[in-house]
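Going line by line, the protein sequences match chains A and B. Residue numbers for the first sequence follow this note's numbering, so the first one is 117 and each next one is one higher. Residue numbers for the second sequence follow this note's numbering, so the first one is 117 and each next one is one higher.
Errors might be hidden in some of the hints.
To be verified - Just some of the chain B residues that point at chain A, by a computed CB distance under 10 Å: (1) 122; (2) 123; (3) 162; (4) 199; (5) 212; (6) 262; (7) 393; (8) 497; (9) 508; (10) 509.
Think of the hints as simulated: they come from the structure by calculation, not from any bench. Note that this is a predicted model, so its numbers are computed, not measured. Glycine included, each C-beta is placed from N, C-alpha and C at the ideal position.
There are 2 protein chains.
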Amino acid sequence: MIKPRTPPGVMELLPPDQIAFQRMLDTIRRNFERFGFLPVETPVMELSEVLLTKSGGETERQVYFVQSTGALGKAEGAGEGMPELALRFDLTVPLARFVAEHEHELAFPFRRYQMQRVYRGERAQRGRFREFYQCDIDVIGKDALSVRFDAELPAVIHAVFSELDIGAFTIQLNNRKLMRGFFEAQGVADGELQALVLREVDKLDKRGEDYVRETLTGEGFNLPADGVEKILDFVKVRSTSHADAMAQLDALGEGNDSLRDGVAELREVLELVRALGVPETHYALNFSIARGLDYYTGTVYETTLNDYPQIGSICSGGRYENLASHYTKSKLPGVGISIGLTRLFWQLREAGLLGKATGSTVQAMVALMDADSLPDALDIARRLRGAGINTEMQMEARKIGKQFQYASRAGIRFVVLTGEDERARGVVAVKDLLREEQFEVAREELASTLRVELEQAHVLAGR
Amino acid sequence: MIKPRTPPGVMELLPPDQIAFQRMLDTIRRNFERFGFLPVETPVMELSEVLLTKSGGETERQVYFVQSTGALGKAEGAGEGMPELALRFDLTVPLARFVAEHEHELAFPFRRYQMQRVYRGERAQRGRFREFYQCDIDVIGKDALSVRFDAELPAVIHAVFSELDIGAFTIQLNNRKLMRGFFEAQGVADGELQALVLREVDKLDKRGEDYVRETLTGEGFNLPADGVEKILDFVKVRSTSHADAMAQLDALGEGNDSLRDGVAELREVLELVRALGVPETHYALNFSIARGLDYYTGTVYETTLNDYPQIGSICSGGRYENLASHYTKSKLPGVGISIGLTRLFWQLREAGLLGKATGSTVQAMVALMDADSLPDALDIARRLRGAGINTEMQMEARKIGKQFQYASRAGIRFVVLTGEDERARGVVAVKDLLREEQFEVAREELASTLRVELEQAHVLAGR
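The following block holds chain A by itself, in its conformation from the complex:
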């Protein structure tokens, strides 16, 4: 006898939670499609040679390699080194491979969405996952891509998280060119040095301003005191409205080329974000956001839940210069965002924020009073299903109390009963477990009656 269990670091859900998770996936997909993004799915396994174009680094240490039984034996014998196949660790590298491979079959700008699981051999730790969903959208241009596309993504983020209904959120924007220009003006011109300074700045919340000030002015960094003050003021900038955001950008003054470019881009993005109907309460400048410094080159985004800042960013991304330089000579600039849904779901559940999403996919249950009623009950189930109502059929007659209890625990709203008496009168009895009331309805009208009730609930729930 082997103990049934999953490997550590995976999230497996029981049906009620899986239903809630699936609804979130569906909502995200619906909104991605609403904005014209096209679906792509890639294999979970890529050729190692293709996946691991960058040698070494943290990423490669976390990669899962894959070998069939045959290859396993051979590789051990021959000691040939890296196995041929590996599991994807994000959706960006597969996208780069996909776009480069199918470059001549795709129309650019290419808007794609992809919602699949990715794999990382992280150290096992509560809230860290080795298998998790990423829900990504990217727009890829050929040779060039207008900054206007950077404005569409906040509109998608706004649509997704409004409909997910998990509380107030803010899409925070920054621009790498603006940052680079600002740091250069403070005498921090070198990219690596900028990265080191930003790493210290990132400790503001945990270690406090004094600690960061001392570090940056002290040995090692040796930055001038007034420059450090300017940096500390800069990374504290948050806008409180659209007009305030524009004023904050004005306040940066003329500056160098890089700063000017960044300011111009952010201005245009903010204006278009507003034109796309995103309320100004839902976006803000945040000059502390840097994201992956070696990757993003323009607009960068993070999204946070206003009432749960400790959860951190629930949707991040930005603009990059060239997607697939390892696979093609074509220049493919892009802009994209990613939602780590497995982690988000886990955190929302931990914070008790998943309550609203409950309720089974099963909308009605046909109870079975006695064996003789079976053909009749099957016919009722058939009619309900024909009308588009998800219906479970009780195939064995149990005590009616048990059947109600089952439906109630399972989150099924309607229980339909048909006894001898009801059959004789051409009606069925319906118990509405949501409204806690029972009613009779003519057999012919059952399906349409329940449909109306379900659609009303749908409208009331704002979906």
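Chain A is fixed; fit chain B onto it per the hints.
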């Protein structure tokens, strides 16, 4: 520069095909839910010890093992044998593990559906996949499960394939008890011998009746000639209607216990299949269907496309005695079916049967005439999206002919235009690429007008 490519044996689709594939997945899921099945997703990686409970055999040779970079080094050094993790090769073993693990948190009978990819290290060959989707439903009982559940599955199969709209199909039924009883009566009592006889019988189509007759009466089998004739007649049985199916079962006579049990089960299943509204043109007895002989114990199913028999079974399954004997002492009988969607999709595409499923997820495109129109165009896109219409926005003004060409190739139905003239008159111009006509509509009425058109198309398509 590395050549961008996928590993052999995977199916990766460009967006138009991916949209068609996703629609099939959605249709299958919608129908699984319609019949009250609940979603489960399991991790792609299982502990090898848990996954590979049976030692040796074809299955284990095809398993993909998974190792993180760290583990890879260690295992090679220590030569510890089997890696800790492996990719699932079907959805049945993960289901067994899941049900045994969560036995006390699930309500039985437990109806679950699961639609995920599975992995097999098959030899690379056209039309054979190493990664492919399985779409499974199973009903699992605790201690016992009424044969009535065996009748629900054909109703689900009927609903799924009717809506997939891929041509006429027949759900073929048989029963392992009936088969065993019949073979016992012909003196083929031993299970392994039955399997060998059935393997020969399986060659009827390819090698012809004479070959099979000679083999079974010849050395090795040495079966009596009249017994072989009875076997050859038996496996040819196909029913042509519900009444004919009942008559065929009658014609088997009294027989032994096993035959009687099988006949009684098939009778009940067929009656309930009819009560569930499956038309008698869509199901039939087929006494040649055996399926996995060491696994299935009662009802077995195969589904074939009437006009494409060469595709083989597109949905198969059956009744099994005990799901999870490796993981729990509880007896968990079940009945299930599986659709191998990747292979089915590939075959339908090869046969040119996917035509109907075309058309983009994008329903409308807002063209951009000139840079000045951008805020206005964005506002129109926002309204369309707000009304639930999937809308792509042209962010850069290109020649209008190019924009139409793009929309046409992408399978987008509506192109919305707003020039200076239209703006002045408070209207927008719409080109319907499906009907090949152009019309004007008041700006305020655009979204509702397109919704009506799209819903009509939906109704006309019978969805």
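Hint check results:
1. With a cut of 10 Å, the hint placing residue 122 (chain B) at the interface with chain A holds, because the nearest CB-to-CB distance is about 6 Å.
2. With its C-beta approaching chain A no nearer than about 5 Å, residue 123 (chain B) sits inside the 10 Å limit, and its interface hint holds.
3. Residue-level restraint check for residue 162 (chain B) holds (minimum Cβ-Cβ distance to chain A is 7 Å; threshold 10 Å).
4. At about 7 Å, the closest approach between the beta carbon of residue 199 (chain B) and any beta carbon in chain A falls short of 10 Å, and the interface hint on this residue holds.
5. With 10 Å as the threshold, the beta carbon of residue 212 (chain B) comes within range of chain A, its nearest partner Cβ sitting at about 8 Å, so the hint holds.
6. Interface restraint check for residue 262 (chain B): the shortest CB-CB distance to chain A comes to about 5 Å, inside 10 Å, so the restraint holds.
7. A hinted interface residue such as residue 393 (chain B) counts as satisfied when its beta carbon comes closer than 10 Å to some beta carbon of chain A; here the least separation is about 4 Å, so the hint holds.
8. Proximity of residue 497 (chain B) to chain A holds as hinted, the smallest CB-CB distance being about 7 Å (cut-off 10 Å).
9. Among the interface hints, the one on residue 508 (chain B) holds; its C-beta lies about 3 Å from the nearest C-beta in chain A, closer than the 10 Å criterion.
10. At its closest, the beta carbon of residue 509 (chain B) sits 7 Å from a beta carbon of chain A; the interface hint therefore holds under the 10 Å criterion.
Taken one by one, the earlier hints all hold for this structure without exception.
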